[in-house]
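Enquirer: Need the complex rebuilt from these two chains, each delivered in its own frame; the hints are there to steer you.
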Amino acid sequence: MNKTILELNDIVKTFPGVLALNGINFNLRSGEVHAICGENGAGKSTLMKVVCGVHKPDSGEMTVNGKKESFANPMEAYSKGVSIIFQETSLFEEMTILDNLFLGHEVTKKIGPLSIIDYAAMEKQAKEIFKRLNTEIDLGAQIKTLGMAQKQMVEIAKALTFNANIIIFDEPTASLTEREVTALFKIINSLKAEGLGIVYISHRMEEIFQICDRVTVVRDGQYISTKNIKETNKDELVADMVGRKMGAYYPKAETPIGEEFFRVEHYYDEGFLEDINFGLRKGEILGFAGLAGAGRTELMTSICGFTPKAMGKVILEGKEIEIKNYKDAMANGIVYVSEDRGKYGLIVDMSIEQNITLPQIHKFADKMGIIKTEKETEIGNAYIKEIGIKAPDSEFMVANLSGGNQQKVAVSKALALQPKILILDEPTRGVDVNAKAEIHKIISDLTLKGLTIIMISSELPELIGMCDRICVMKDGYIAGSFEREEVTQEKILALALESKKQNVVGV
Amino acid sequence: MKTNKKKSSLSTEFYLMVFLVAALLLLRVFAPAFYSINNIMSLLNSFSYILISAIGMNMIILTSNIDVSTGALISVVALSVAAIGKQGAPFGVLLIAAMVIGAVLSTLNGLFITKLKIPAIVATLATTQIFQGVLPLTVEGSIYDLPESFTWLAFEAKIFGMIPASILICLIVAVVAIIFMKYSKFSKKIYAIGNNSNGARLAGINVDQTIVITYTIAGALFGITALIVATAGQRVTTTMGSGMEMTFIAAVVLGGTSTAGGSGRIIGTVIGAFILAMIAPAINYLGISANWADAIKGAIIIISVLVSAAKYIKKKRVITDQMRQLGGEA
Numbered sequence: 001m002n003k004t005i006l007e008l009n010d011i012v013k014t015f016p017g018v019l020a021l022n023g024i025n026f027n028l029r030s031g032e033v034h035a036i037c038g039e040n041g042a043g044k045s046t047l048m049k050v051v052c053g054v055h056k057p058d059s060g061e062m063t064v065n066g067k068k069e070s071f072a073n074p075m076e077a078y079s080k081g082v083s084i085i086f087q088e089t090s091l092f093e094e095m096t097i098l099d100n101l102f103l104g105h106e107v108t109k110k111i112g113p114l115s116i117i118d119y120a121a122m123e124k125q126a127k128e129i130f131k132r133l134n135t136e137i138d139l140g141a142q143i144k145t146l147g148m149a150q151k152q153m154v155e156i157a158k159a160l161t162f163n164a165n166i167i168i169f170d171e172p173t174a175s176l177t178e179r180e181v182t183a184l185f186k187i188i189n190s191l192k193a194e195g196l197g198i199v200y201i202s203h204r205m206e207e208i209f210q211i212c213d214r215v216t217v218v219r220d221g222q223y224i225s226t227k228n229i230k231e232t233n234k235d236e237l238v239a240d241m242v243g244r245k246m247g248a249y250y251p252k253a254e255t256p257i258g259e260e261f262f263r264v265e266h267y268y269d270e271g272f273l274e275d276i277n278f279g280l281r282k283g284e285i286l287g288f289a290g291l292a293g294a295g296r297t298e299l300m301t302s303i304c305g306f307t308p309k310a311m312g313k314v315i316l317e318g319k320e321i322e323i324k325n326y327k328d329a330m331a332n333g334i335v336y337v338s339e340d341r342g343k344y345g346l347i348v349d350m351s352i353e354q355n356i357t358l359p360q361i362h363k364f365a366d367k368m369g370i371i372k373t374e375k376e377t378e379i380g381n382a383y384i385k386e387i388g389i390k391a392p393d394s395e396f397m398v399a400n401l402s403g404g405n406q407q408k409v410a411v412s413k414a415l416a417l418q419p420k421i422l423i424l425d426e427p428t429r430g431v432d433v434n435a436k437a438e439i440h441k442i443i444s445d446l447t448l449k450g451l452t453i454i455m456i457s458s459e460l461p462e463l464i465g466m467c468d469r470i471c472v473m474k475d476g477y478i479a480g481s482f483e484r485e486e487v488t489q490e491k492i493l494a495l496a497l498e499s500k501k502q503n504v505v506g507v
Numbered sequence: 001m002k003t004n005k006k007k008s009s010l011s012t013e014f015y016l017m018v019f020l021v022a023a024l025l026l027l028r029v030f031a032p033a034f035y036s037i038n039n040i041m042s043l044l045n046s047f048s049y050i051l052i053s054a055i056g057m058n059m060i061i062l063t064s065n066i067d068v069s070t071g072a073l074i075s076v077v078a079l080s081v082a083a084i085g086k087q088g089a090p091f092g093v094l095l096i097a098a099m100v101i102g103a104v105l106s107t108l109n110g111l112f113i114t115k116l117k118i119p120a121i122v123a124t125l126a127t128t129q130i131f132q133g134v135l136p137l138t139v140e141g142s143i144y145d146l147p148e149s150f151t152w153l154a155f156e157a158k159i160f161g162m163i164p165a166s167i168l169i170c171l172i173v174a175v176v177a178i179i180f181m182k183y184s185k186f187s188k189k190i191y192a193i194g195n196n197s198n199g200a201r202l203a204g205i206n207v208d209q210t211i212v213i214t215y216t217i218a219g220a221l222f223g224i225t226a227l228i229v230a231t232a233g234q235r236v237t238t239t240m241g242s243g244m245e246m247t248f249i250a251a252v253v254l255g256g257t258s259t260a261g262g263s264g265r266i267i268g269t270v271i272g273a274f275i276l277a278m279i280a281p282a283i284n285y286l287g288i289s290a291n292w293a294d295a296i297k298g299a300i301i302i303i304s305v306l307v308s309a310a311k312y313i314k315k316k317r318v319i320t321d322q323m324r325q326l327g328g329e330a
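Protein sequence lines correspond, in order, to chains A and B.
Going by full-length UniProt numbering, the first residue of the first sequence is number 1, and it counts up by one from there.
Going by full-length UniProt numbering, the first residue of the second sequence is number 1, and it counts up by one from there.
Calculated from the structure, these hints are not laboratory results.
Do not rely on the hints blindly, as some may be mistaken.
What the hints assert, rightly or not - Calculated cross-link-like contacts (lysine-lysine; reagent style DSS-like; alpha-carbon spacing at most 27 Å):
(1) B:Lys-185 - A:Lys-144
(2) A:Lys-80 - B:Lys-185
(3) A:Lys-56 - A:Lys-343
(4) A:Lys-343 - B:Lys-115
(5) A:Lys-109 - B:Lys-185
(6) A:Lys-343 - B:Lys-117
(7) A:Lys-327 - A:Lys-343
(8) B:Lys-185 - A:Lys-127
(9) A:Lys-3 - A:Lys-186
(10) B:Lys-117 - A:Lys-56
(11) B:Lys-185 - A:Lys-124
(12) B:Lys-182 - A:Lys-109
(13) A:Lys-144 - B:Lys-182
(14) B:Lys-115 - A:Lys-56
(15) B:Lys-182 - A:Lys-127
(16) A:Lys-144 - A:Lys-124
If we strip away everything but chain B, and leave its shape as in the complex, we get (with noise of 0.2 Å):
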């Protein structure tokens, strides 16, 4: 019987280590007004709320789905949560609200995709639009003049007067993540149904219920993001997350989540959320236009994308070898 080889290649995550090292030192050199306090207590912001999502849709992506209405999915928390700001509810209220709201609307996404049987990226597409399409029907444009209970969260939750709340929230969620992807038995059927869902069925695992219970969790941690968007100012409008689908989708593939599903660690899409999200600060600190910025997130995407191309096609190779070998020894 053969032995087990060693792992000769490095994982993912050590690769986008350097790489984020790298940036950071280059920054350092080329861009030093990055390391203000300002802006990195933002760049801090914006990655809780970028991990937190990213996290959600982690999970989703492992199970070998996809979810593209995230962005338009906060859209709606955050305009729900502000209307119930506005009457003055406190933090934990809004915090609670955002979760269900969040739970509810991505549950609908899980049921349309087991239930109707409909391909993941087809159905979130179709409830894009829905949510994009009623935000109009309730507000006219945006809600405003929202009082300071409602931005407590952006203007006065600081640790040590500086550190923006948000990181806290990020990670208390980063920690239970990472502890419930390897400890709980929920986790191995997502594993197992991103891997082989016919497998997973033949092992006795539900596959639609545990489809849709992970949009529900992935949901309520939309529904975070959304109303750390929503409090960072007096202002909510229909259109607060718009396109932030794919900023999570990035984040998650750049992590070396699997797109076919089945294999990724929450480690990485730390690592991937936290690069993401300093695109737009290095960007604006190396003077490059501000509108540079999308096209560089999607050149991420499609070389984090070859990548984990490349490995599958590595992989598939190995196997046929195997294969082969195995009909000329027999």
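Bound-form chain A, shown alone (with noise of 0.2 Å):
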């Protein structure tokens, strides 16, 4: 085989509070199309930011092409020949292709003392390297005017102007369509015949088989394993990438389901959701899986208000109501907690109390409009004790707490609204161990109050332990579900994915 031209021994890098890659060995040789894989926050992404120098690393070796390396930005990556290609495109949306292909290392001539970007010299480049890709292109367009697949196409020139001989791509088809998808690979193809590396990081198993010579597969920032594509298959992979144990303690308590009283029935966002159908019981868990963009977190935004009308029927306890605004959500009794905290959950710099009264402080103000703080503190101090949110007092800013602190008082915000259904996006991310799991008995708990919950989670073990039903969506429809009895991570990890959409179940 040809000879190694990126090597990553033993990587590990540490963000606050969070282990995100621990040990990653990884080899990439000329002429091969080399995949990563590993579940949503495995650590993919993580790895390559580290390669190309956007993040750095605690500790660690990196080769490449034969010399040790360490970069301080993308740009000095670029220049040692190692390429990134983004999921989401980082070109300058408002400037030319040309302009784009070069920025930062322009070719300049020398008029006099002056040096000036020469213009003629760059296009000549960028044409051939065009040539080579087969593609047509406008080089005076600006950015903003192409599509998704263009757009790639200019980062892949990018690279090549650099002369890269090692180009990752990082999920490069999660917003292409089939044709395109088909475009790329050829064009993959042709660079690893030309002799250069690639890493392929992608979860889609089908592009994998397609497309790549061998596979590593990393599980929660660890290393797993190395494998030739053709002496795999998928179910090892799948294997690989979940793991035998389960992990973590989850105090699921064993709570009387009741009957259905919430429907969602043929509801359809053009382009996000697709004829979405499920049922709730009364006191039930119901999870959400699916990988990132599936359309969780759309389907449950737009349920409670927050996006446009999309199509459809919402059914609560017989009726059908209308929710044209996240008002008319909680009024029926549905309550809605963000997956990102610090941007749509909280006011970080307002106190616990003042964050918990902000969706109805209209109750806690007397005629004249002025708010009656000690109401305030009153039922913050309530939640403090209910939840076990460790803080001095109910006065205490929010942004001083912990994430699983934080994450308690959006929950008390949401509880304080007394609500039939609680969704929860992504509860415990970003949180710390021993916070997960009192998080994770808080929704135990409240189950057992009669609370309804729908819980968001990229973590399997998290949502195979606390649920009593799970959906799976991918592409923005529901491809299946399980009861709690039957469920496990691989019979989820192959729904989520399967690339050829299935009949689409009722659940």
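Expert: What follows is the structure, given as structure tokens:
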């Protein structure tokens, strides 16, 4: 086989409170396509960001083209032959394709003492590159006029302007149509034939088996295995991605589950959601699994009225209800706790009690509209005690709380609205292990009090440990659902990763 | 793969030119006196000093920042050069002094914004107060009885005995700026930062440094404007530049530069500056009270901002549609 051009040894990277990468090994040879796969949050993208200098590793060694390297930013990585094509393109919308290709390494020529940009030389070079890519493109067009696939083509061309011999693709097909994917694969194959090494990050099994030569699996920031594609199969990879053990402890209480009282029928929002049907029984925890971008958050925010009304029926206690905005949702007892605490869930520069009372502040004011702070403090303290928020008092600023305690404030805020249905979007994202267990306990206790919960999570063990039923979403529709007794991580992953659309099953 | 659509909409510059020509024709009919030699020469002079600063402002706005302290900064530079000019310093010395003082003061703005992470509007509002505040401490009201060497630019330096020399300075600045914004590596950094400062950082651009240098360059240009304004008479007051920043910002925005940064060309700013320079004399010759001038400027700013916002919303809608299509096909 060909020589190794990129080698990673024992890469460790921590973010505050999180061990993101824990001793990753990886090597790439020239003329191969090497996949990195793993679940959401396994560390695939973080690893590649470390390689190209977006993040600095805490420890570990990287060898690029035979030399030990550590890059300060992607530009430096580019100049040493490593280029990355990010999930969201890093192009500059208002600038032309040509300007984007050469940004930061423009070709210049000397005129007297001045060095000016040599557009003719850049154009010539760009044309040659696009010819190699078999693409015709107007170099003077602004990026904003391009479609997703064309933008990606520009990114690839940009990599080639640096004479990169290592190109990293981060989920390149996420927003491409099938035809565009075929075109992309052709290009990847021709680059491979030219002797470049390609790193292909994806969790789409079909693609990996179609285009890659080897595959490395990572799980929870750890290196699991590297295999030749020809010597492995999908089941083996999924098993590697999932692992065998269940890990954490889930204090799921046995609650009596009542009648179905809430139903969503033929819910449809063009481009985002497709014919969603599901029902909800009193006192149950219904989980939503799926890959990032499968439409779980979109579904919940749509039901709660945050986005313009979609088509379809929402039925609560036998009556069809109309939710035009979140106020309507709250009035009907449907409350949503966002996955992004800092951005949507809380106002971190306000106190605990102010956050809790904010959605119903009118109830805490007298006739003149003046807020009765003692009433706020009362409810704030009540929730601190009930939910177990670790804070000196209810006037404590939310920004100074840990992630787990912030999440508890967000949940308290939702509970203060006395909901019938509590929707929790990634309730344990970004919180440490202990807080996670506490939040699981809180969720479980809430169902004992008769609350019904919808829980979105990207952590399968959490869903399996906590939920009575799990719906698996994929590309905006519900691909299937499992009862608590029958569910396994493998079954969920198989559905979530399936590429062809199956018969849509009503749940 | 989809083919590129040719640009179907005409450029901002084209619409501005149409507006400008229409306004000039109307003035021909309703206020023929507008075309008197005297008025045209005075118009060219104010166009010159507006455009020179507007080019600097354009660069700042392209980086997605702003400077509302320009008027006060110009007052400071005007008084400083008056103090130097009172000693009989020649024009060359005054020009260099004006550019250096302007550049230093504006660099301070850039440093406040980048090093202290203060939003540009807040930082420059604060420096406005500082600039205005120090003036009365140093000078009582004005510096007057300035010598002929000081007013040389306004009264003696005429091309063919009548065209103000300021237009020559303006021409040089504009040509250099157009070339600079097209052929320098630095200009690409300015545009990149205005488009996506995070992306620019990832592309290895030193964002803070670029912004500071942009303010420095703009400050030197503000200095030139201050010199042209200051040398127009024998007296320089402490409020000479007050309110000018609005004219510059208006010229830039009218010229099609996005207030969000990242897009806009010098040529648009040139036309914008000309329209802004025209408002006051046009109103005068049309027999409308001069008090309307500011209101009309304000209205022009609002309309041009609305137009640019409408473009932005349209762009967003197109992107959303694209995303929906992709989602639908995938």
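Enquirer: Next step is simple, just say for each hint if it's right about the structure.
Expert: Against the structure, the hints come out as follows:
{"no.": "1", "hint": "B:Lys-185 - A:Lys-144", "in the structure": "holds (22 Å)"}
{"no.": "2", "hint": "A:Lys-80 - B:Lys-185", "in the structure": "holds (21 Å)"}
{"no.": "3", "hint": "A:Lys-56 - A:Lys-343", "in the structure": "holds (26 Å)"}
{"no.": "4", "hint": "A:Lys-343 - B:Lys-115", "in the structure": "holds (25 Å)"}
{"no.": "5", "hint": "A:Lys-109 - B:Lys-185", "in the structure": "holds (11 Å)"}
{"no.": "6", "hint": "A:Lys-343 - B:Lys-117", "in the structure": "holds (20 Å)"}
{"no.": "7", "hint": "A:Lys-327 - A:Lys-343", "in the structure": "holds (19 Å)"}
{"no.": "8", "hint": "B:Lys-185 - A:Lys-127", "in the structure": "holds (21 Å)"}
{"no.": "9", "hint": "A:Lys-3 - A:Lys-186", "in the structure": "holds (23 Å)"}
{"no.": "10", "hint": "B:Lys-117 - A:Lys-56", "in the structure": "holds (24 Å)"}
{"no.": "11", "hint": "B:Lys-185 - A:Lys-124", "in the structure": "holds (18 Å)"}
{"no.": "12", "hint": "B:Lys-182 - A:Lys-109", "in the structure": "holds (14 Å)"}
{"no.": "13", "hint": "A:Lys-144 - B:Lys-182", "in the structure": "holds (20 Å)"}
{"no.": "14", "hint": "B:Lys-115 - A:Lys-56", "in the structure": "holds (23 Å)"}
{"no.": "15", "hint": "B:Lys-182 - A:Lys-127", "in the structure": "holds (20 Å)"}
{"no.": "16", "hint": "A:Lys-144 - A:Lys-124", "in the structure": "holds (23 Å)"}
The structure is consistent with each of the numbered hints, conforming to all of them.
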